[in-house]
Every structure is written in C-alpha cells, then in structure tokens.
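2 protein chains.
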Amino acid sequence: MPDTLAERFCGSSARARLDVAIAQLTAHFRDRVSTSSAHCEQHGRGEGQLRVYPPDAVVWPETTAEVSFIASVCAREKVPLIAFGAGTSLEGHVCAPYGGICVDLSRMNQILAVHAEDAECIVQCGVTREQLNVHLRDTGLYFPVDPGANATIGGMVATRASGTTTLHYGATAQNVRALEVVLANGNTIRCGTRAIKSSAGYDLVRIFVGSEGTLGIVTEVTLRLHPRLEATGCITCAFPSVREAVDAAIELVQSGMQLLRIEFLDEVQMRACNLYSNLELPEKPTLFIESTGSATSVGEQVERTKEIVLAHGALNPDSATTPEQRARLWRARHQAYYATRAMRPGWNCITSDVCVPISQLADAVSATRQDIDAAGLFAPILGHVGDGNFHVIFMYDPAVDAARQAIDALYDRMIARALAAGGTCTGEHGIGLGKRAKLVEESGEGAMTLMRQLKQAWDPDGILNPGKIFE
Amino acid sequence: MPDTLAERFCGSSARARLDVAIAQLTAHFRDRVSTSSAHCEQHGRGEGQLRVYPPDAVVWPETTAEVSFIASVCAREKVPLIAFGAGTSLEGHVCAPYGGICVDLSRMNQILAVHAEDAECIVQCGVTREQLNVHLRDTGLYFPVDPGANATIGGMVATRASGTTTLHYGATAQNVRALEVVLANGNTIRCGTRAIKSSAGYDLVRIFVGSEGTLGIVTEVTLRLHPRLEATGCITCAFPSVREAVDAAIELVQSGMQLLRIEFLDEVQMRACNLYSNLELPEKPTLFIESTGSATSVGEQVERTKEIVLAHGALNPDSATTPEQRARLWRARHQAYYATRAMRPGWNCITSDVCVPISQLADAVSATRQDIDAAGLFAPILGHVGDGNFHVIFMYDPAVDAARQAIDALYDRMIARALAAGGTCTGEHGIGLGKRAKLVEESGEGAMTLMRQLKQAWDPDGILNPGKIFE
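For the protein sequence lines, the chains are A and B, in the order given.
For the first sequence, our numbering gives the first residue as 437, with consecutive numbering after it.
For the second sequence, our numbering gives the first residue as 437, with consecutive numbering after it.
It is possible that some hints are incorrect.
The list treats identical chains as one, so a pair stands whether inside a single copy or across any two.
Claimed, not checked - Capping the alpha-carbon separation at 20 Å, the derived lysine to any residue pairs in SDA-like fashion look like this:
#: 1; residue 1: Lys514; residue 2: Asp897
#: 2; residue 1: Lys891; residue 2: Leu619
#: 3; residue 1: Lys742; residue 2: Ser755
Keep in mind the hints are simulated off the structure, nothing from the lab.
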C-alpha cells in the first residue's frame, strides 16, 4: 500500500487531527499561536525560494519545554512540525509543503553561558550569529563561522552551514560541542559534552548537524569559540583568467599558511561590486585574501601571498592595510549578492552551490562560465575557493519562461560536473526541497537506504519537516 | 521474550549456523581462513585487555568484495562478525565475547591514490599510520593524527582516534573525507566525497567514524593530508605544581597560537622517562610544547610560549632547537608507556582515558593524583592537555587482588569527576567492552535510545561486533 506524504498528511482525517493539534496548542500558547494567513505566508518560504508553502499555524515557543510540548502534540496527532529560525535558508528548508505546525524559534534567543576559559558558549537555538558576536565583543573571543546571512545558530546547525572563514576555522560541524534536541516523540535529549573531543559512542551531535530539522529540533547549542587574533592582513588581486586565479588559490592552500579566507569573484561579479559599492577595482577574475595572526606572522603571510599570486600572473596585488580599506573591500564582497540583484531590478535570482576538490575547481568554474555565456545569461560567479566551493548567482527575467528553463539545464550540468569531479551537489546550502534528486545521484541508493532507515528509526511517523532531504 | 546476545549467538542452533558459515568461508578462502586456536587466541584481545575472547575463525580478505562476501555469509547465518586491524585498541574492541568470525584486515594495506594537489589520499583500511607517512615522504604532505600506536587507518576511524597533534590538526573525524563501508547485510556503500565540505544529507561519514565496527566495516578511507611545515620548535618546562602547568597550557591554548602539541607528564611519569630514556629532566610536572610553521612564526611562538610559561612559574623553559634534541625528547614522550611498564616488570597495566573542559583540568588531574597517592598506587599521569585529555597508567601486581580493586574504584571516581565537570568518559580510546556502563552514565537514557535505534536499523540481527558499545 503506497503511503505518500500527501496521503499521510493531506487527507480529511489528517485535517481533523491538525485541527485537534491547533486547538491544543492554542489552549496552551494563546496569543503565541497564529493561524492568520499573513503569519503563515510569512513562514512559508526562506530566502532562496519563490513559491510559498504556508504552514497551517505558527507557534512561538520560548523554552525547550515548550518546544517539547509542541512536538508531543504533533506526535500524538501525527501532524507535520517544521522548525523556523531566521528564514534565511536558500533551499526551501523552512516551507511547509504538507502544511502543519511551524515552530518559530526566534524568541529562544538567550545566550545562556559564556565560558571564556574554555573558549565556549551555550546559546538557545534562536540566537543569531551577529547577536552572539556583539555579545562576545569584550571577551576577546568570537564565533567565526560566517555564512553571509545573519542566520540563527540553530539554523546553521540544521543546514551544516559554513562560509568565508571555513578555510581557517572549519564549518559549523567542527565548531559544535554539544546539543540539546527535541525529538519527534517530544522527548528532549542532550548529546556531546563540554570536552573538546570524545570517543564515547555514536557521534549524535554530527548526526543532527545538517539533518535539516528532519531528525529533531535543536533547542540549545554549545559552541566552540575562537580568540580574535592580534592582526589582520588583506590582499586583493586580479588575474588575467579564472584558471590563474584558481591556481593561485590552490597554491595558497597548499602552502600551509592557514589563511583566514580566500574568496573568488569573477569579472561579472566584480563589475557588479564596483557599481554597487562605488569601487574601481579591475573587472577581472579576482581573489580577496585575508590572513590573521600575530602582526609578524600576518606581515610574513602577506609577503608570501604576494609572491605566490604574482607567480600566477596576478596583475596588481594590493594589500589594503588600514582597517577602513579592509572593511570597504570586505563590505563589497559581502554585498556581492545585493550588488548582483541591483544590476537587474525586478528580476528573480537562483543562488547555486556546488563544491569540488580544489584541483578540479578551475575546470569547473571555467566550464560554468562558458555555459553561462553560451546561454546568454547574466550570472556572476563567486566562491570560497579555498574550500573548492562556488556559487553562481543566476539572474532571470520572470516574464521570460525560457530563461528559467535555460538556468535549470545549466545548473543540472554544473552539478553533474561537480559530481563527476568527485565533489558534492551542495557545499553549504543543504538539500531541502530543491536538491532531493541530486542527493540520490550523489549518494547512491545504498547510502540513501541508510539515511532513510535512520529517519524511519528516529521519526517513524515522518512528522519532522516532511518532504525535505527525501522525496 | 528476552533476547540476550548470549542466547542469540551461543546456543546449539547458533553453533550449527556458525559451522555452516565457517564451511562456506573455507570453501571460498581456503588457507586464508583459520580455526586454529593459536590464530583465534591471537585475535581474541587488543592491547589494553587481559582476558582473551577468541573468535571461532579468522579470515584474511584482500579486497572489499571479499569483505562483502564474508559479511553476506555472516548475515545469512546470523553469525558475529568482528573487524580486526592492528590489534592496538585499548578497550577490548577486537575481542569476540560471543565468538564468531574475525575479519583480519591487515592484508588490505594498499595505498590506492595520493592526490597531492588536493592534499588527500585514498587508502585501504589496513594501511597503518606509519606506513602511510613513509609512503608520503616525498610529497611534502603527511597524515598528522598520532595516537601513539601504529594503528591501522581503519582502526583509527572505527575508534575515533586522536592524539598529540589533535590540538592543531583535529582528530581522525576531522580528517576523513569519504569512506567505503561494508554493511551488516553484505552491501557495500560509499559516503562522503572528495570535496572539502558538503551539506548533502545526513553525515554518514561521521556516523561511521567512532562506531567501533558495530555499524559496518570500513574498507576504504579518503583522508585529508597536511603540508609538512618548514620549521618546528620545541619547549620543555617543569612547573612547581600540576596546577601551574595546566594553567600555562590553558593560556597557551587561549593565545590562539595554534601550537602543534601541548603534552603534560607528571612527576612520576618524568621519573620513569628519565630512567628509561636516560635523560636528566627535572622530575616535576612538565609540559612538552611543540610549534610548527614558518621559521619566523615558530621563532615568535617559541618566544611567546616562554613568556607565558614563565608567567605561570615554569622553572626552566628550555627550547631544544636541534632536530636531534627534539627527536630525543619526543621519543621519551612517546615511550612514556614503555618507560612506565619498565619500572614494574611483571606487573599489569590499565591505561585510563578521560577528557574534560580545560578549565576543569587542573582540578581533575590534582584530585586524581591525590587519589592515587592516598591509595599507595604506582600510576603516572600524562595527557594531551591542550585538549583537556589525560591518561593515568595504573600499574598493579597481578598477585595482589586488592590492587586491582583499588584501581577500579579510583578509575570510577576519575570518570565520575570528568562527567561532573562536563567532560567525557573517553577522549580517544572508545567504549568497547569496558566502558559500556559509563557510556550510559554519560549519555543518559534518551541519547542511548537513539544509539540503540540506529544500531537496530542498520544491523537488525546485531551481528556486527556484538557486545561492544552496548551491554
């Protein structure tokens, strides 16, 4: 007997169960539950998704016990339960294709403890990255993982987020020590410890990191922090071609210098950034490189970096040494997305994401650029090239059907090339709704079976974020 | 109806199934199967365990397809299947308390590929750490994770091993990109990619890392390598007390210097090392500190390290700068275990392992030393203090029953203190047989349920390494 998610969650008996669940939640949470279409629509999509799939109700819990209560109600009534943080996800993680209850975790925004001696803090899931770093300002410590958006820590854990500083500090997975999680049955568990490492049993922490709300709802996170180092150095340099830029990046990684960031922007992206941020940088494939450490070691790294990029044909290695210059350049990098959007007002945008072994990166980026140009699309490329991770920001006019189709075909090829090169269909954005078929392609049926068995074991009724990761 | 592992695997029908399995394996592997008591005894224990639990047969496969064949036979006949690498495990992981088939993976020792540009290699599971580093000698790269023993890479993956360089390079988990694994049903899957990072689905790689052969047999490993850096600096320094040594270590970690190793040896361990390695170091709580990087940055780190340790009362910070001096000191550190054993010929030894937040380390080590002295035991303490991880080498005369009991009681207290301090019952040795009750204490019933459900989902007949991790 087929049991599709639609049959399970969208029939008339499902509707009746949903009504019971909403009534129970309303009795308990009163004005912290809403079924208004405004609230539901607002919670029906993340940033990277056009179509809205609204939940049937939104609840705003303030404690883990409240999340546990919500999960118990949903478990009893077999109703979908979708976690929502800052809504910055790019792959549709937070939408509700089968309706159900959205848990908006933004009020769980307490920083519970900072243990400076252990370079560690404990936060509720709804704390945002920027909020945390403002709070830590006087401790000399910070949480360096930087996906661009001001995501919640819970959301970053759920999508296994990374970003510009992963080269140096690792991604979210490497910076989580322990979690508190509410399970599909409403039980609350803790996993991990405050110790730096452990060999005690299965690594439950790393199972929940990246599970996209399909195995549990992360309510509390113990994070590893890092000391803010004394000095920072920054180099920008343009190259004659993508290949030379990427080859320079590879050699920088191989040098063992442990640079903080190596970011790549192609000529189209540079043009957008110049216009948006009022800069006059060369409109060529460009690396933004940042180092951190003691003043001496930063000085040495900047010199060595210059040597390496010059040997790869860098046109104008420029080390911006004042904090103001540095801030201006990095602001331009961080605003690349908005700069691109500003080039085509009213157009839609698809932010793609693949990651390949760095030896394959020049080929992957060059082939993608050729594809884009051949299709006549406007689509800058940028990436965390030290990690082999790059994004194309595909822009298209929503009035032109063919544009969207051309992008889909091109993105398919981009992913096929990444997989053929030994890479992954997503370096940091996750699977969500949009990449479920790609996950199967990447993982193979054997690995997919293990993932489905795990999901089935921990969430037998499939109520946690149904339709995500798995089709 | 109770279904204990003994009932499942040790009745007469189990014996009959075992005989069928051995016959099928013998028909296939001929002289690469042995049921001789010498071979079975040899494979019935690791290093840290006295009692021998022999398997009923040992098989030496040479390919993944052969491991898969063995697993299929064991799955069909519901016979225990125990993976064996170098046999260096300290927690009884490789023994066969319910009999069954031991898969000796030592002939799967091929280094399949080295991708220098991606700082990566692909090895069969039976390759040892030292074999790999000899092979990599001319590439400028190495695999830095160093648990002391010359373990196999498969064994290090299975126990989530770490060691002296984890401070700088992370533990095994952070240095594995992809795995090939033979499952309980004989199927072979691959997980992970050659990309540096991925957000594609559940992190199967990190589930297998540390699963101690209870979820699958790792047959192939894609490892991250690291460039050998230009220079190395080493400082040894004695302190008046444990607390001063550990406080210095904490400040070194907090400095953000990214030192390579910070090792602690207490006064008892130093005495043993002096005698064994013919050194004349002060017999006081001592730190061995190593830095790596460019010549300039190592010089700078050594100077800064000296300042920090002096501020914490270091008696004689001594920077051994010649490679010979360095090698001599580190040999002494690496031989600490043998030095300790040499102090009490004929005695037995229990190597303990806990890990705590570093802020709690001085208390944990001091309380342990007091306990040891109060019990009149001979037991040096050493540790990877940069990680908060320490070991007591408990020595005892096998003729004295009370000694073993005193050690058990003391080790129980040591673990209880580690858990109360927010730490773990094992930083790097794993659960195996000996720490199953401690895992429950550390994890709580909720997390244990998740682990048991995962085991049940992936190995429903419980044939993979039965009796390990779970009681």
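Could you work out which earlier hints the structure fails to respect and list their numbers in ascending sequence?
Nothing - there is no hint that the structure violates, so all of them hold.
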